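K.L.:
Using the sequences plus the hints, can you model the full thing?
Residue-level listing of the chains:
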Amino acid sequence: SMADEAETKGGLKITSDDGNFSASLGGRIHFDTYLFDTDIEDPVSTTDFRRARITLKGNIYDWKYVLEQDFAGGSTGRGFRDVFIAHKFLNGEVRIGQFKPFRSMAEMTSSNEITMLERPFSSAAGLYEGFQFQQGIGWTGVLDCFTLGFMAFNLRDAGTVRNEGVGAAGRLAWHPINTDYATLHLGTALNFENPNLDSKDITAEADYAGRRGPTQLIALSPGDLGDDVSTVSLELAGSYGPLYFQSEFVVGDYEADYYLSELDFEDEFGAPPPFFCDPDLGCYIGDQHVRTWYIQGSWMITGEHKTYSEKRGAFNSARPSGNGLWGGAWELTARYDTMQNRDIYKLEANSAQIGLNYYANRNVRVMLNLIFGDDEFTGDNTNQLGLRVQMAW
Amino acid sequence: SMADEAETKGGLKITSDDGNFSASLGGRIHFDTYLFDTDIEDPVSTTDFRRARITLKGNIYDWKYVLEQDFAGGSTGRGFRDVFIAHKFLNGEVRIGQFKPFRSMAEMTSSNEITMLERPFSSAAGLYEGFQFQQGIGWTGVLDCFTLGFMAFNLRDAGTVRNEGVGAAGRLAWHPINTDYATLHLGTALNFENPNLDSKDITAEADYAGRRGPTQLIALSPGDLGDDVSTVSLELAGSYGPLYFQSEFVVGDYEADYYLSELDFEDEFGAPPPFFCDPDLGCYIGDQHVRTWYIQGSWMITGEHKTYSEKRGAFNSARPSGNGLWGGAWELTARYDTMQNRDIYKLEANSAQIGLNYYANRNVRVMLNLIFGDDEFTGDNTNQLGLRVQMAW
Amino acid sequence: SMADEAETKGGLKITSDDGNFSASLGGRIHFDTYLFDTDIEDPVSTTDFRRARITLKGNIYDWKYVLEQDFAGGSTGRGFRDVFIAHKFLNGEVRIGQFKPFRSMAEMTSSNEITMLERPFSSAAGLYEGFQFQQGIGWTGVLDCFTLGFMAFNLRDAGTVRNEGVGAAGRLAWHPINTDYATLHLGTALNFENPNLDSKDITAEADYAGRRGPTQLIALSPGDLGDDVSTVSLELAGSYGPLYFQSEFVVGDYEADYYLSELDFEDEFGAPPPFFCDPDLGCYIGDQHVRTWYIQGSWMITGEHKTYSEKRGAFNSARPSGNGLWGGAWELTARYDTMQNRDIYKLEANSAQIGLNYYANRNVRVMLNLIFGDDEFTGDNTNQLGLRVQMAW
Chain A
1243 SMADEAETKG
1253 GLKITSDDGN
1263 FSASLGGRIH
1273 FDTYLFDTDI
1283 EDPVSTTDFR
1293 RARITLKGNI
1303 YDWKYVLEQD
1313 FAGGSTGRGF
1323 RDVFIAHKFL
1333 NGEVRIGQFK
1343 PFRSMAEMTS
1353 SNEITMLERP
1363 FSSAAGLYEG
1373 FQFQQGIGWT
1383 GVLDCFTLGF
1393 MAFNLRDAGT
1403 VRNEGVGAAG
1413 RLAWHPINTD
1423 YATLHLGTAL
1433 NFENPNLDSK
1443 DITAEADYAG
1453 RRGPTQLIAL
1463 SPGDLGDDVS
1473 TVSLELAGSY
1483 GPLYFQSEFV
1493 VGDYEADYYL
1503 SELDFEDEFG
1513 APPPFFCDPD
1523 LGCYIGDQHV
1533 RTWYIQGSWM
1543 ITGEHKTYSE
1553 KRGAFNSARP
1563 SGNGLWGGAW
1573 ELTARYDTMQ
1583 NRDIYKLEAN
1593 SAQIGLNYYA
1603 NRNVRVMLNL
1613 IFGDDEFTGD
1623 NTNQLGLRVQ
1633 MAW
Chain B
1243 SMADEAETKG
1253 GLKITSDDGN
1263 FSASLGGRIH
1273 FDTYLFDTDI
1283 EDPVSTTDFR
1293 RARITLKGNI
1303 YDWKYVLEQD
1313 FAGGSTGRGF
1323 RDVFIAHKFL
1333 NGEVRIGQFK
1343 PFRSMAEMTS
1353 SNEITMLERP
1363 FSSAAGLYEG
1373 FQFQQGIGWT
1383 GVLDCFTLGF
1393 MAFNLRDAGT
1403 VRNEGVGAAG
1413 RLAWHPINTD
1423 YATLHLGTAL
1433 NFENPNLDSK
1443 DITAEADYAG
1453 RRGPTQLIAL
1463 SPGDLGDDVS
1473 TVSLELAGSY
1483 GPLYFQSEFV
1493 VGDYEADYYL
1503 SELDFEDEFG
1513 APPPFFCDPD
1523 LGCYIGDQHV
1533 RTWYIQGSWM
1543 ITGEHKTYSE
1553 KRGAFNSARP
1563 SGNGLWGGAW
1573 ELTARYDTMQ
1583 NRDIYKLEAN
1593 SAQIGLNYYA
1603 NRNVRVMLNL
1613 IFGDDEFTGD
1623 NTNQLGLRVQ
1633 MAW
Chain C
1243 SMADEAETKG
1253 GLKITSDDGN
1263 FSASLGGRIH
1273 FDTYLFDTDI
1283 EDPVSTTDFR
1293 RARITLKGNI
1303 YDWKYVLEQD
1313 FAGGSTGRGF
1323 RDVFIAHKFL
1333 NGEVRIGQFK
1343 PFRSMAEMTS
1353 SNEITMLERP
1363 FSSAAGLYEG
1373 FQFQQGIGWT
1383 GVLDCFTLGF
1393 MAFNLRDAGT
1403 VRNEGVGAAG
1413 RLAWHPINTD
1423 YATLHLGTAL
1433 NFENPNLDSK
1443 DITAEADYAG
1453 RRGPTQLIAL
1463 SPGDLGDDVS
1473 TVSLELAGSY
1483 GPLYFQSEFV
1493 VGDYEADYYL
1503 SELDFEDEFG
1513 APPPFFCDPD
1523 LGCYIGDQHV
1533 RTWYIQGSWM
1543 ITGEHKTYSE
1553 KRGAFNSARP
1563 SGNGLWGGAW
1573 ELTARYDTMQ
1583 NRDIYKLEAN
1593 SAQIGLNYYA
1603 NRNVRVMLNL
1613 IFGDDEFTGD
1623 NTNQLGLRVQ
1633 MAW
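Residue numbers (this note's numbering), protein chains in the order written: chain A, 1243 to 1635; chain B, 1243 to 1635; chain C, 1243 to 1635.
Derived by calculation from the structure, the hints in this document are not laboratory data.
Do not rely on the hints blindly, as some may be mistaken.
Identical chains blur together in the list; that is why a pair holds if it fits in one copy or across any two.
Cut-off 25 Å, straight-line C-alpha distance, at most; resulting in silico cross-link-like pairs (DSS-like, lysine-lysine) [as the list claims (entries may be wrong)]:
| id | residue 1 | residue 2 |
| --- | --- | --- |
| 1 | 1251 | 1306 |
| 2 | 1299 | 1330 |
| 3 | 1553 | 1442 |
| 4 | 1299 | 1442 |
| 5 | 1588 | 1553 |
| 6 | 1588 | 1306 |
| 7 | 1251 | 1588 |
The structure displayed is predicted, hence computed values, not measured ones.
P.N.:
Right, here's the structure in full:
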């Protein structure tokens, strides 16, 4: 018969009989509990909705929309996630609206499928703090065994004050091997940001003891002085049966040319300046060279294999076979993550993590992370035990 | 045929052909108009959206999610209502996320089905002011003719500042009689709260002249001193044909050990202290014993019977038979509600209400309440005429 | 078979087999980019989500709900758009909740179908600044070749502070000609507002260089003094094949009786008072007579015809025939818009605009506007180039 088709895998979906139209309503709930083993800093141990999103998607001929709102964002403006209009173009799509610049493998991985509770410092959880989603225009697609993405953007998302800063980012990922059992991934990305009238400061920050723990400021380029920020990254990742590893190495140049009083320096960076400050002018902050890298990996104890998404140029979660304890899949995880300012002595933070993930089915996951934080600048060694229960549909 | 099934009773619902998946999108609009007959206090008479919610629910095998946002909450954080992940367990479900602690029959009644415009003082509209939904883990289920619920929680919801306060609540309801014509319900609940780092104050407050009217503070236990709050309640309720009554009696112990200046006392409680205050230290506030009880009832003029929800351990609205004026059902309602601090002379507020409800159909209801407020502490006798038009789907 | 029917044209819709129930989830994304050619004023050129809405609608027998939230509103309260419960009555519907007062043809035109990027000054983009949606009760319907609408309202929407101001508005539109090829429309509307306890100021403001550009205050009636505001308007519009024009003329009386210091006057109005101010009392602001009118028109280059919505008493967008460049429809547009305070010398702002619209299909539109702003009071001549990409479903 000629009727549109309704479908559910936990969400709502309807597709027209001619395939020209479709619409779906999905969502995700990520609920966290975290306990700190405090040291110098004294963060609050509590529970928190990390994400509570609804996601509307639809297709109208060659056009597409995504409208995603995270009610855990604090306000409707800050709750904007992917909100864009797209049109098919080559083997991909041109997007206009708000989406993520293409500049980190970790960012390209869905929050439903990340290995640890939070993304590493090479993502908006560190290097691109406060600049995860941007407004602009871009294209992403797959050509042969390459995944490409480009975006020209305004330095704002829907929750940021209107400003005239601009930027551009591009990423090229290559998967020379991608079979049912093994994948090899190499990638590189370039990013450039030019703040301008009313732009906010561009900072690199390390949440070295997990989310809501202490934050170490690594670099700051003022938003109103027009100093540029640029980053270059390399990616290496792979999987082999139940094993998986992923690594990114990024160097960033945060241009700056300003003075802070010794008091302000300590306020911002958490410790006194380790260099001589001019008695009249204060502590000089020039161009700052940031270096961050991480390596993470996992072993699916129950034998499943993480597949690779060519569209994203990043790994998916393994799909549980249902053979493990409690009818699910189990995964052991680990990461070492570090970020440093190469121009200020000992301005460096590190994070070592181990974890265990339980997949009840394709939609439900429980994650446990033990995070050992190390702030070399302040000497703080706060640790975190974090637990997430998540469902996505 | 093997197709998923779409269905509407005003909302959107799709169920998979094998029954393993389902999803629905519902909602509710409650629109209020209220006029005050002011006395000492001078509240604003106006219109207000009491609730404007969307409710997403879904099932994936034995798992379930609820994601409910009230756009009338003021912000997305304060708009979180039931937002949890659940798993079937015994004859009930284990929940993790945000939901209501099990501690009051009035709270267990859906806002779509409450008898008067607002719940009585024994609920989050009084005794648990600002603590209606909490984050934590719990179980609720039905065993034989008992409805049980337990929850261990953090002293926060999604709109509260992160803090380390904790609490626990449990409720046992018994329905020895529950036929098509008559129900007898008895219940009891225990609740305990222990504020801690960054917890907000725990207060009992009486909105004795309806919502948005004057508020009388009955007791306050400071959030940062670690003093505990505990409550014990008894429930008695029943229905017989078109008649229904419900009553709760609660005693609460708000631990405290602090001094207020006479000015601060009057600011907080609305009248001068009725006891001697130390000239140096101020007015001493020690442990405060709160007592609140209400009795409410209704008569379905058009003869319908309110059924009892075993799952909630609370009464449903009557389903209109369509035989009344304008093809709906009509209900006469009344309540007497009182709350007092037993340790401070005359610190007591009372509320007497009568009302009329019209049910156009299962989804649409119009409510009219006349509320006579009486604040014995300040002498204020503000009254309210309140009207609600509501639709739920 | 007797199954409810699912359907998509980009959104989700389900209708019950007996037609008694239906529900739909739609939405819209309007994404703007604007560049200013600045003069005296210095607004920020940037990108912005003009609208990002979800729209739930449903029918239950003769009742209906609309629940629309704009995530681009800044907060959930300010994000309320149409949120009401309605019941069929005569050849129309009685509404209760939040919706637009019936007082401007431009306001009655959907934001998906407006001719230029923004509505003219005769709408909530000027004369009714901050009062687009109100809470109250009303009726709208079609009788023969007349479209009528009446509303009694509170001076608030869901994002406004609770207050006791009230108002009423009514509109009568007549379409003596309405064929497949030509329409003639005449209309008139009356509006009255009476601010009271806690009401905000009622102002007329001209965004003469497009949204987010400079604003010229034209008149201000204080919210707390009980001075009334009333407006009367005339509408003339028509279409003939691919041609369309529309015009409104409105006079408003903003009662006032207050003094401003010369400094405050300049703060509010952007230029020194052009009249004598009393050295002791300041600059007297009495009743202010506002006059605003616009004329706008368009030519569908690709030959389509804009149809007329009898329900709204306003024109729809043309439906693209798909014969134009890039398979869509193209439209040339223009508007001249002016608003002045007749009691203060040269207190007047004008806006001349030309534009080009591209309709990719029924759901997707791209709009380009060039706006020449002229503030006669301050001498500012800021211009704006605005681009919108929109999708509605």
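K.L.:
Using 25 Å as the alpha-carbon threshold, which applies to residue 1588 and residue 1306: within, between, both, or neither?
P.N.:
neither (48 Å within a copy, 48 Å between copies)
K.L.:
Using 25 Å as the alpha carbon limit, work out where residue 1588 and residue 1553 are close: within a copy, between copies, both or neither.
P.N.:
neither (39 Å within a copy, 59 Å between copies)
K.L.:
Is it within, between, both or neither when you check residue 1251 against residue 1588 at 25 Å Cα-Cα?
P.N.:
neither (50 Å within a copy, 58 Å between copies)
K.L.:
Between residue 1553 and residue 1442, at a C-alpha cutoff of 25 Å, which is it: within one copy, between copies, both, or neither?
P.N.:
Result: close neither inside a copy nor across copies, 32 Å intra and 47 Å inter.
K.L.:
Between copies, within a copy, both or neither: which fits residue 1299 and residue 1330 at Cα up to 25 Å?
P.N.:
Cα proximity of residue 1299 and residue 1330: one copy only (15 Å, versus 30 Å across).
K.L.:
Evaluate residue 1251 and residue 1306 at a C-alpha cut-off of 25 Å and name the case that applies: within, between, both or neither.
P.N.:
both (21 Å within a copy, 12 Å between copies)
K.L.:
Check residue 1299 against residue 1442 for me: Cα-Cα at most 25 Å, and say if that holds within a copy, between copies, both or neither.
P.N.:
Neither: 31 Å inside a chain and 39 Å across chains, both beyond 25 Å.
Violated hints for the displayed structure, listed by number in ascending order: 3, 4, 5, 6, 7.
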